[in-house]
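Asker: Sequence:
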Amino acid sequence: MADFAKENQFTPDQQAEIDAGIKDNIDVSIYAKPEFLAIQMHEIRIGLVEQIPVSYYADSRYDWFQMEEIRKGLEMSLDVSKYADPEISFDRMRQIRKGLEAGIDLSDKKNMAAGVLQQLRKATLEHIDLSVYINNGFDEDQLHQIRLAKKNGVDIDSYVIPDFRGISIREIRLGLEHHIDVSVYASREYTWQQMREIRLGLEKHLDVEQYKNVLYSWQQMREIRYGLEEGIDVSYYRSFMYTAKLMRQRRLDLLEKTKMPIQNGEAVKKRFSCFDMLLNQSGMEAIVILPNPGVPIAQDEVLSAIKEADIKKGVDYAVVKAICDGTTSGDIVTLAKGVMPQAGADGWYEFFFDTNVKSNPVLMEDGSVDYQNAKWFELVKKGQTVAVYHEAQEGTPGYTIMGESLATKKGKEKPILTGSGFQILEDKKTYIAMENGKIELKDNRLVISSLLVLDDVTCATGNVDFDGSIYVRGNVGQGVSIHATRDVLVDGYTESSVIEAGGDIILKKGNNASGRGFLQANGDVMGMFFESARVWAGGKVSANYCLRSEIHAGTRIEISGRNGVLAGGLAQAQNLIQATNIGNEASLATRLVLGNKDKNVQMQVDLQGREKKVSQELRLLLNAYQEFRKKFEPVIRNVHPTYLKLEDAIYTKKTELEELKKRKDAVEKEQKKQKSAKVVVTGNLYSGVSVEINGVIWRSEPMRNVYLVSRGNRIGSVRNV
Numbered sequence: 104m105a106d107f108a109k110e111n112q113f114t115p116d117q118q119a120e121i122d123a124g125i126k127d128n129i130d131v132s133i134y135a136k137p138e139f140l141a142i143q144m145h146e147i148r149i150g151l152v153e154q155i156p157v158s159y160y161a162d163s164r165y166d167w168f169q170m171e172e173i174r175k176g177l178e179m180s181l182d183v184s185k186y187a188d189p190e191i192s193f194d195r196m197r198q199i200r201k202g203l204e205a206g207i208d209l210s211d212k213k214n215m216a217a218g219v220l221q222q223l224r225k226a227t228l229e230h231i232d233l234s235v236y237i238n239n240g241f242d243e244d245q246l247h248q249i250r251l252a253k254k255n256g257v258d259i260d261s262y263v264i265p266d267f268r269g270i271s272i273r274e275i276r277l278g279l280e281h282h283i284d285v286s287v288y289a290s291r292e293y294t295w296q297q298m299r300e301i302r303l304g305l306e307k308h309l310d311v312e313q314y315k316n317v318l319y320s321w322q323q324m325r326e327i328r329y330g331l332e333e334g335i336d337v338s339y340y341r342s343f344m345y346t347a348k349l350m351r352q353r354r355l356d357l358l359e360k361t362k363m364p365i366q367n368g369e370a371v372k373k374r375f376s377c378f379d380m381l382l383n384q385s386g387m388e389a390i391v392i393l394p395n396p397g398v399p400i401a402q403d404e405v406l407s408a409i410k411e412a413d414i415k416k417g418v419d420y421a422v423v424k425a426i427c428d429g430t431t432s433g434d435i436v437t438l439a440k441g442v443m444p445q446a447g448a449d450g451w452y453e454f455f456f457d458t459n460v461k462s463n464p465v466l467m468e469d470g471s472v473d474y475q476n477a478k479w480f481e482l483v484k485k486g487q488t489v490a491v492y493h494e495a496q497e498g499t500p501g502y503t504i505m506g507e508s509l510a511t512k513k514g515k516e517k518p519i520l521t522g523s524g525f526q527i528l529e530d531k532k533t534y535i536a537m538e539n540g541k542i543e544l545k546d547n548r549l550v551i552s553s554l555l556v557l558d559d560v561t562c563a564t565g566n567v568d569f570d571g572s573i574y575v576r577g578n579v580g581q582g583v584s585i586h587a588t589r590d591v592l593v594d595g596y597t598e599s600s601v602i603e604a605g606g607d608i609i610l611k612k613g614n615n616a617s618g619r620g621f622l623q624a625n626g627d628v629m630g631m632f633f634e635s636a637r638v639w640a641g642g643k644v645s646a647n648y649c650l651r652s653e654i655h656a657g658t659r660i661e662i663s664g665r666n667g668v669l670a671g672g673l674a675q676a677q678n679l680i681q682a683t684n685i686g687n688e689a690s691l692a693t694r695l696v697l698g699n700k701d702k703n704v705q706m707q708v709d710l711q712g713r714e715k716k717v718s719q720e721l722r723l724l725l726n727a728y729q730e731f732r733k734k735f736e737p738v739i740r741n742v743h744p745t746y747l748k749l750e751d752a753i754y755t756k757k758t759e760l761e762e763l764k765k766r767k768d769a770v771e772k773e774q775k776k777q778k779s780a781k782v783v784v785t786g787n788l789y790s791g792v793s794v795e796i797n798g799v800i801w802r803s804e805p806m807r808n809v810y811l812v813s814r815g816n817r818i819g820s821v822r823n824v
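Position 230 of the sequence shown, counting from 1, maps to 333 under our numbering, and the rest follow consecutively.
Worth double-checking, as some hints may not be accurate.
Restricting the straight-line Cα-Cα distance to at most 30 angstroms, the calculated cross-link-like pairs of lysine-lysine (DSSO-like) are [what the hints assert, rightly or not]:
1. K484 with K611
2. K185 with K175
3. K372 with K315
4. K424 with K373
5. K175 with K757
6. K517 with K253
7. K315 with K517
8. K360 with K315
9. K545 with K485
10. K478 with K532
11. K517 with K348
12. K611 with K254
13. K253 with K213
14. K478 with K643
15. K254 with K765
16. K765 with K716
17. K126 with K136
Since the hints were derived computationally from the structure, they do not count as laboratory data. These figures come from a predicted structure and were not determined experimentally.
Please model the complete structure; the sequences and the hints are all you need to start from.
Answerer: In structure tokens:
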């Protein structure tokens, strides 16, 4: 091996890469050249270690990012000749490489901007045609918003013009996705911030006519919108003469005035010739204390006292007459009362379907769940009115006895319902189903999805693949498969079949799979029972009993009922496994696994390895950056392409390190959750049960009413009180 340690020929970082290559027993002569920066040497060395043909990129004309893209392509056996060209920037290389990975050849469009290539690649994968917009010169930000609109099924074509920046198109897209009339603000006259303020107002049922004038700055619009949301009279401050700052101050002043006065509290006592008067400091009440009840008092004296006390409204003249006549019922009487302002009723939705479906399954006396008679979903027909919005009401103003008007507040409006499968009529209040299907309401999201209703699914009927939910009123036989993008509900029995759902799987009569087939859902999996079944759920798994099955739950496993049994097989959950009885008297081998220590440990190892690699690359870049600063005067280096690339690369690597730190923090938070993972047994825990919590294994002994938790390197049992 040649001597590459010539004095002053290489920087310390370059020499370190050469030494590392010699240690790896590779041919360092390929990159041991002064014209290569250390970071370029690093990329070539990695390729040599991985035994890929580095001749494709061992050229000083490539920067280190370009080298990395070619190296990654070679590692995946891609045809890198389609983009291995020093004239193609690394970010364009990246998009071509990712396209080749997905079976898409973008090399004939390599002159496009990297961002445009990225949107074209993603759109092609999503079967979206962006060619018209690309040909019309839309930039990457505009294309990104158009692609998202088309992906979400939104017809944005009639509102998109080249004059709109991507961020303006975003506001139009969000408005269309929220079913609002975007024509109110889809105009080149508005900035994107003004568009946003109008969109937010429309989404919250506000009267945007109060502020949609283009002469308002977006900050002024925001202050008026805030006032409308708070239900106050914005005419008090929405004049163009007020800056946004002054608008804010007047809004806060008006908001303070709408606070309800305190009716009780300290009172001011005033003495008059014939009686004393107590005036509540809130100005809401005046009370007369008569020294000689039953003795008439001249009307002039009473009226004079009212005037002197500055009482202008709310006087009870029947009480005045009684004081004058000496016919009061006691020595203390209320002479005048103010009226409290009444806030208007909030806006509300009237729904024409059961909004509580699936939230409360039928619980039996023994604690088990009646899956068969529970109502799991609600059906609607196309054209059916599913919801009507009732606007917030104006409040009723009040007044003090001194005649001061007390402002009120209009009730708060509720935001427009988001979701899909419905349309909003021109009144902006009536929601109509656009298709026959299953309707769901969760928080503020209303979704009407297609529902396929079947009797039985057997080998005779064939497999089922449906974009929506599937409802099987009969049984699901062995050897068939059902795939739904949303929920699957089966009324009858389910045998050894494959059922996959993008939402939940609900089996009213359970699943006996004889060790074949499997159930897989992104959401929950629920059934009366599981016998010899294989179940994967992104959420929880619930049943009344589970025998000899393999169960995997993203969150928890719950076996309900006084006689609920989990026995045999494997049950794995992230946070909780709960059952009345676990195992059986015959000591049937039952394995419980909680947490996912191995996965988290591997994620930590991967993240630490990535962090170490990025930190090393950043160090090489920073050192090269400093070398440039030492060698060249600012007037030269500030226009040097390599120096400018170094600056960009340093920023990119620092950003990548920050993202890695966030991911490491997220993994640590997940580990903390797993430390609280437990097994809860409300009945019998039998021998033959193996419990593993975060990698710690414990074998059971007969006991009752306990829960098991991880305590460092052991599992402890605590009596369930």
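Asker: Now tell me, hint by hint, if it's right for this structure.
Answerer: Here is what the structure says about each hint:
1. Taking the CA atoms of K484 and K611, the gap is near 24 angstroms; set against the 30 angstroms cutoff, the hint holds.
2. Our distance criterion of 30 angstroms between C-alpha atoms is met by K185 and K175, whose separation comes to about 14 angstroms.
3. Pair hint K372 plus K315 does not hold up; C-alpha atoms about 51 angstroms apart against a cutoff of 30 angstroms.
4. Straight-line distance between C-alpha atoms of K424 and K373 comes to about 20 angstroms, which keeps the hinted pair within the 30 angstroms bound.
5. With a CA separation close to 21 angstroms, the supplied pair K175 and K757 stays within the 30 angstroms bound.
6. The straight-line distance between the Cα atoms of K517 and K253 is roughly 28 angstroms, inside the 30 angstroms bound, and the hint therefore holds.
7. A hinted pair counts as satisfied when its Cα atoms are at most 30 angstroms apart, and K315 with K517 qualifies at roughly 20 angstroms.
8. Of the supplied pair hints, the one linking K360 and K315 holds, its CA atoms being roughly 26 angstroms apart against a limit of 30 angstroms.
9. Using a Cα cut-off of 30 angstroms, the hinted pair K545 and K485 holds, with the two alpha carbons roughly 20 angstroms apart.
10. The straight-line distance between the Cα atoms of K478 and K532 is roughly 28 angstroms, inside the 30 angstroms bound, and the hint therefore holds.
11. Only pairs whose Cα atoms come within 30 angstroms are accepted, and K517 paired with K348 is accepted, the gap being roughly 27 angstroms.
12. For a cut-off of 30 angstroms, the pair hint linking K611 to K254 is broken: about 35 angstroms separates their Cα positions.
13. The suggested pairing of K253 with K213 holds, with an alpha-carbon distance near 25 angstroms, which does not exceed 30 angstroms.
14. Of the pairs offered as hints, the one joining K478 and K643 holds, with about 19 angstroms between alpha carbons and a cut-off of 30 angstroms not exceeded.
15. Between K254 and K765 the CA atoms are separated by roughly 29 angstroms; this keeps the pair inside 30 angstroms, and the hint holds.
16. Between the alpha carbons of K765 and K716 the distance comes to roughly 17 angstroms, so the proposed pair stays at or under 30 angstroms and holds.
17. Distance restraint check for K126 and K136: the Cα-Cα separation of roughly 18 angstroms lies within the 30 angstroms cut-off, and the hinted pair is therefore satisfied.
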